[in-house]
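From the two separate chains plus the hints, produce the assembled complex.
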Amino acid sequence: MRWAALVVAAGEGRRFGGFKQLIEIAGRPMLAWSLDALAAIAAFELVAIVTAPEVFEDVERVARPILGERLLPLVAGGATRQESVRNGLRSLGGRCEAVAIHDGARPCVRTEDILAGMREIAPGRAALLAARIVDTLKQTEEGSTVVRATLPRENMWAAQTPQFATYVDLAAAHERALQAGIAVTDDIALLEASGVLCAVVPSTAENLKVTQQSDRDLAAAILAARMVHAERPR
Amino acid sequence: MMRVGHGFDAHRLVEGRRLILGGVEIPFERGALGHSDADALAHAVADALLGSLALGDLGSHFPDSEERWKGANSLELLAACVALVRERGYRVGNVDATIVVERPRLAAYTERMRCNLAARCGVDASAVSVKAKSSEGMGYTGDGTGIAAYAVATVEPSAP
Chain A
371 MRWAALVVAA GEGRRFGGFK QLIEIAGRPM LAWSLDALAA IAAFELVAIV TAPEVFEDVE
431 RVARPILGER LLPLVAGGAT RQESVRNGLR SLGGRCEAVA IHDGARPCVR TEDILAGMRE
491 IAPGRAALLA ARIVDTLKQT EEGSTVVRAT LPRENMWAAQ TPQFATYVDL AAAHERALQA
551 GIAVTDDIAL LEASGVLCAV VPSTAENLKV TQQSDRDLAA AILAARMVHA ERPR
Chain B
3 MMRVGHGFDA HRLVEGRRLI LGGVEIPFER GALGHSDADA LAHAVADALL GSLALGDLGS
63 HFPDSEERWK GANSLELLAA CVALVRERGY RVGNVDATIV VERPRLAAYT ERMRCNLAAR
123 CGVDASAVSV KAKSSEGMGY TGDGTGIAAY AVATVEPSAP
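Line order of the protein sequences matches chains A and B.
The opening position of the first sequence corresponds to residue 371 in our numbering, with each subsequent residue numbered one higher.
The opening position of the second sequence corresponds to residue 3 in our numbering, with each subsequent residue numbered one higher.
The shape of chain B in the complex, shown without the other chains (with noise of 0.2 Å):
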């Protein structure tokens, strides 16, 4: 039977650290704020996969208290995320995201967010969507405080 997952993540946007966003570095005046590279749209992705199989979330699996996951590389974390879907014999469906930031402007990136992401889910690129979405100037996406990411996902058998 085919199971449902959804993920939600956010991080406060500051000055110094890096944007990373699906793997894809973004120029930016500032970046996402977390022990990890603070991947927000990775880590939704990997949420719904776990939440999928109800495995928990990203932080019981890779915890913030570890120095070995100081500045680790998200993708890395999800592609840890997809071996214990396997494990459960399970394979990804699709994948759906949306991630929700008033600037910068993202439509350049999505593409190779996308790409990226679905080479660590082990499908093909049109099995993965990502989103870019302003929250009209409201709340903490809109000022500029943080970004979110959202994200679904669909896990199947991988015998029927």
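Only chain A is shown next, with the shape it has when bound in the complex (with noise of 0.2 Å):
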């Protein structure tokens, strides 16, 4: 099957005081983890990043070392991310037959278990990586501190990106949500909604996505361990 990667790069990160995904995080910009862990594997002959076009030549400046030939032009991101993801996969055309999603502000993903997700992939089936929850859910009431119930967290998973899907799979959900109008913040959602077989594969806590100054500290932890070989290899 041949690949291809769509990084989602368009946030813009208010919180950081400047384009987020260009952060330093452990040495590098953040979007530098994560496209790395893309780059490694072979099967992914087209990468295209979705960003800002004011950040246009830093982002070009990070990713064309990384991805050389294999980065496409850059594709500029819409007004929501759903709206981003559709701009990305228009751009790809009809050049490959299955694409991973991924938001590049999870830069500590691991090549193995982007590998892992690829392996599940055939038409009208789709995966992303997950994490099983393991806090007890607590559920409020709109504008309320109050505890109104306690959710079971079996069988519950926290939805984590890259995604997975056929590029047909992928544009006909996007082109259906269009016309209908529906609106979500995951591409699995779409996908379910159209009716494709969606299986998670297991990750850990460790792909967790960068939207505060604590994750900020905590991903930086994570690659830096990596940086200094600590535990014993699978």
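It should be emphasised that the hints constitute simulated quantities derived from the structure, not laboratory data.
You can trust all of the hints, since none of them are fake.
Facing chain A, a subset of chain B residues (Cβ under 8 Å, in silico):
| # | residue |
| --- | --- |
| 1 | I22 |
| 2 | G25 |
| 3 | V26 |
| 4 | P29 |
| 5 | D39 |
| 6 | R114 |
| 7 | N118 |
Which residues of chain A face chain B? A partial, calculated answer using Cβ under 10 Å:
| # | residue |
| --- | --- |
| 8 | G397 |
| 9 | R398 |
| 10 | A402 |
| 11 | D406 |
| 12 | A407 |
| 13 | R596 |
| 14 | M597 |
For glycine and all other residues, C-beta sits at the position ideal for the given N, C-alpha and C.
Following this line, the structure appears as structure tokens:
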């Protein structure tokens, strides 16, 4: 199967006082870490990065040395994540059979987990990396701090990226969502709605999304630990 | 008198293993097969140090046959070799190493490898060099079958 990777790096990151994907984590721009994990997989013949036009030059400077010829011309992000992914899919055109969509704010993703997700994909069958929920879940009323219910955490998973599907399944799900006016924050939700079978591929909480300063510190610690090997390999 | 040692190591690259070089985990679709963490760079440097004082090789000090070295962190094996050098009244002078592999690209990681190796050798990072080369598609390092590392190390008497 001909694979492409689609990296969504369009978030403004107001909380970081700058463009989030380019903040420094463990000595490198955040985006560089996940591009390394993707670039290590030869099956990705093409890589599209969706980002803000004002940082095209900076992103190109980070991504080109890592991806070389595989990097497609940068794609402008949309008003929502869904629109950004749609722009990215259109830029891929029909040049691939399957796509891994990754959030550029998840720098700690492991190459071996990406490979495990890729192995699940066939027409009508999608997959995503996800971590089992370990915390007990409490539900509150809107605008209140009072606990209304404790939800069972059995069989609950926290969705991560990459999310994987065939190009045809993804493009169809996005077109359908556009016409029906469906808005979601995750591509698997669109695939589920269009009848594609979606499987979770167990990942770990290490593949966290950097949304605030404490996440950045945690991601830096995780990546730094991999720079001085301390644990027994699998 | 200053002495010189040479070290070499090679490992097969296989799916389902992590790739560790100089203590750095490198994102790659395959990893190095071996009894320990199969860190070819750390092994080559350790062998160079042992070789400088004719102390045999890594395998004679940390045999593959022993369960306690399974999955061992090779930076710790390197530190143990440096301790042997010190016991003989020597200290590490400098180290120069070359990794030979076609993929992945290692440029982003060689600085961290130098720092890891220097810390275990008890020298400044300026005394440790790590280079990465491809073999232009030739041989087992060129076709992706394996990864190789070569190292040269000098040691000098700690009390002149």
